[in-house]
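Trainee: Guided by the hints, dock chain B onto chain A, whose structure is given.
Residue numbers (our numbering), protein chains in the order written: chain A, 1 to 566; chain B, 567 to 1132.
In case anyone wonders, no lab produced these hints; they're calculated from the structure. Note that beta-carbon positions come from the ideal geometry of N, C-alpha and C, so glycine has one too. Among these hints, one or two may not hold up.
[To be verified] Away from chain B, derived, C-beta distances all over 10 angstroms, residues of chain A: (1) 47; (2) 48; (3) 50; (4) 65; (5) 113; (6) 193; (7) 262; (8) 421; (9) 547.
[Said to hold, decoys possible] Per the computed footprint, the stretches of chain A lying under chain B, defined by three or more beta-carbons under 8 angstroms from a beta-carbon of chain B, are: (10) 4 to 18; (11) 24 to 36; (12) 120 to 130; (13) 137 to 144; (14) 168 to 182.
Number of protein chains: 2
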Amino acid sequence: MRQSTLCSSTLREVPSDAEAANHRLLLKAGFIRQLASGVYTYMPLGRRVLRKLEQIVREEMDRAGAQEMLMPALQPAELWKQSGRYSVYGPELIRLKDRHDREFALGPTHEEVVTTLIKNEISSYRRLPVIVYQIQTKFRDEPRPRFGLLRGREFLMKDAYSFDASWEGLDSSYRTMYDAYVRIMERCGLQYRAVEADAGAIGGEGGTHEFMALAEIGEDTIAACDCCGYAANMEKAQSRAERPAPAVTAVPPVEKVHTPHVRTIEQLAQYFGTESRNMIKTLIYAADGKPLAVVVRGDHEVNETKVKNEVGALELELADAQMTAAVTGAPVGFAGPVGLQIPVLVDTAVATMTSGIAGANEADFHLQHVVPGRDFSVERTGDFRNVKEGERCAQCEDGTLQLFKGIEVGHVFKLGTKYSEALGARFADAAGQEQPVIMGCYGIGVSRMLSAIVEQHHDERGILWPPAIAPYRVHVIPVSVKDEVQMRLAEELYAQLRERGVDVLLDDREERAGVKFNDAELIGIPIRVVVGKHAGDGSVEYAERKDNEKRVLSVEEALSRIMETI
Amino acid sequence: MRQSTLCSSTLREVPSDAEAANHRLLLKAGFIRQLASGVYTYMPLGRRVLRKLEQIVREEMDRAGAQEMLMPALQPAELWKQSGRYSVYGPELIRLKDRHDREFALGPTHEEVVTTLIKNEISSYRRLPVIVYQIQTKFRDEPRPRFGLLRGREFLMKDAYSFDASWEGLDSSYRTMYDAYVRIMERCGLQYRAVEADAGAIGGEGGTHEFMALAEIGEDTIAACDCCGYAANMEKAQSRAERPAPAVTAVPPVEKVHTPHVRTIEQLAQYFGTESRNMIKTLIYAADGKPLAVVVRGDHEVNETKVKNEVGALELELADAQMTAAVTGAPVGFAGPVGLQIPVLVDTAVATMTSGIAGANEADFHLQHVVPGRDFSVERTGDFRNVKEGERCAQCEDGTLQLFKGIEVGHVFKLGTKYSEALGARFADAAGQEQPVIMGCYGIGVSRMLSAIVEQHHDERGILWPPAIAPYRVHVIPVSVKDEVQMRLAEELYAQLRERGVDVLLDDREERAGVKFNDAELIGIPIRVVVGKHAGDGSVEYAERKDNEKRVLSVEEALSRIMETI
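Looking at chain A on its own, in the form it has when it is part of the complex (with noise of 0.2 angstroms):
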């Protein structure tokens, strides 16, 4: 390709909400182009990384058996009704009406549609095991587009789904899939990580798996053992309890202490010249509108996803002043767990405190001395509560746990029976008896990929495509094209490498050295060849992108340098 011809400029200054590294990069770069808010093209640059991005997805998708499909983006909303997502879905669900003013959704994910075509196409176990999947075009209106194509109102998935006989079956399509996506990340060059998550909304029972590329921007965190192999997102991690407290045999009774002007848990804990550890911290949740209190440690946060699933409740948020009031007789900060009227969760690192200081139910005071068991039930004791840095591996002896800021660039989920119940895909086994099919699903965001990749792989002067999806894997640059004896070699170079079948881009315009150097690093194509001062020679200026070093080379040299490093 002739740089001259190509369809997109560099830029001098990006809009100033692009605060993120690829956002802003890619923009600058001419990889990608805003159209409304998370709505973007693909340049001819931007468009050549998905491409290759696609390919290799689509190469590890048919490598492990699964069979390329396209379903549509149309999906009727009857699907999600019966699956009943169409309620819990909320403003993400693009929604429209056709002209007959019948609903349809935009599809951001396919269960419904590909459960709904199974159930018509295969009926016996002799047909199953099967896994399809697509690269295809999704909708999510987010509330807060935000990181260029990280997360996009319009974005290009790949989305898998296996249908088994067997939970045995679908533990083995699950490993499939996994193994295929630890390929994937590998030959995209992703430094990542493959965790534990919660399950979240999309239903099902059984495990799943996220694959998070690690970048400070990334909007997970992951705790990992720096011991043994155990990962998992923030919403799932768990640490070891620590070790009771040994057991006081004389705690004085329930002290109430007036505390006015005090708010804050350092307050408090200042206050009563304690630390915040041995605060008990209580908060009043609505869980799917009904009243609930969660008590950890002063030092502890709440972790609302094990809140929902101990009380299985869809939706889970902090009550309001009212409900408070009503519950604890007392405005918010001053909740505590005694005499408590509702159902109290207690984390296991309250339940074994000797004694704490908690609220008192009452404006301006609170309670000292209070004994958990003694003074209020731990009958409903549990993991409620965000694991922190440093604490102790739950899975080994001797790790401790780090956080990790992630991108979930993929997802491998066992689904079960969810949507084949909901919809109706059966199978007769081998008896002939009408089972449900097992299934799961597995998805990679092949754009969000692109920016978690440029997150990883930049510099302060541009982009460094790892060489498998770069959009051309050698630029050829000569210093001036009014200059014969260097633009003849830049092409002679140029033909030569398109005759041995290199991707490669040209920089055939009439600009100065400077902007083309800044440009290309910018641009970030893995091998620069520079035609200048030494063309006279036959020589060329070889550098790789990531370290810049420069050798002088002859033209011959060059080729097979750049043909050996490909």
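Mentor: Just chain B now, with coordinates in the frame of chain A:
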């Protein structure tokens, strides 16, 4: 691929609304499945064909120097308002609102988006010309989705857009795309005609051609000369005007005749003892709401596209009874050109009549001896009718026109500056003057092409895929999977073909031979190798789908024959 694991089955019955052969066969053979009216899933077999089509289109676009990009389906309504198409497009444009109540359209085409993009990307003539394209899913809420993929509501298109600094440049970009289309049609094995077409609602000045796949179910009619290369869509087609009738000096004056209970042109001709070609037919239209009369010969049909273009109307429809009564003073059926006080368009074939019989603008009366030019004005004479089979070609001396039915699979179109002016896409020319970019647009219905190919390539037993786009090139069919000798030979052939990179489907299903053969003919893979009674001698039965001529060959012979054919 092993057919036992293929996700899709052949059907015995297809829905009764599948009227067209392509629709019936693609459903029956398991290439597609309907999700909603005009909305289809491509099953693995269908996806393979679609990808091969995509790849041919992509290769020819790349070869033509067009750059691939990917634009969003979600398009802000503002852009459509700027171009003026938001109101014009009607209910075919799928509209929706996002969670912030902002209006969007689901793109049926991308002129607005691409013009806005180029506006921001290109500011100087030095960066022109540019041709960009995408292969992308489009949405159009068809009033009557039908014929399967042929007229769907969600479909795959290749759309390309050219941007030039001069009209000569546009001519050259247009020719480049035209030539690429010719190569695409030929590589896909389509019988087609490139025909002159009317510019239609998309707007703009200059030339346009449609690429029509010839097929009886086609919704377009093409007139083509049997002698020269002339071919045009019926909307646009012209024939050579007949020689004027010899001047007759004395036509008697107009005479009013009572014609009760005579309704049709045929009845009138009979009543007057003459032929319908001697009748003058007058139709009253509402052109953008204003009355207009169009006068054609009794045996001719009005061409509404030609009429619209003549008067520059956006909407043209037959006048209702009220308007007809207001302008003619009579009920519908008695209009005539004599004495009308509204604009009258006279078709050339009428203007050259010696005299004729016309409506009297009075219920139950007609006029005879009506002489065009004497009794009514022929000032606005032109071509306002459809050509008829057998008329003389307007482009050559000896040819006559033949009519064909065609499916529009491609369209090349000179847009000119319609969109660049509306959306402000300007560039600085060599003299530094700002000019609107000169555009062309070029569409191919990729999924529609799939339909058209099946429409042309099938017989009563199933599909006959052109090899370049067949889902698999070879179908290996062991007659009995329980026969070890047969299975071993079939597996060996399968392995050898795969090793050679041949797309091959192995029918390893436990089915009766008759079922397998029927399915094979239905699916339509070009080469079939049956492993049956000759397996013991290491021989197989080789046949091609197109002629079914069977040859017993050794496995080695079969292999080399396959490699030759491919």
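Trainee: Does the structure break any of the earlier hints, and which numbers would those be?
Mentor: 1, 2, 3, 4, 5, 14
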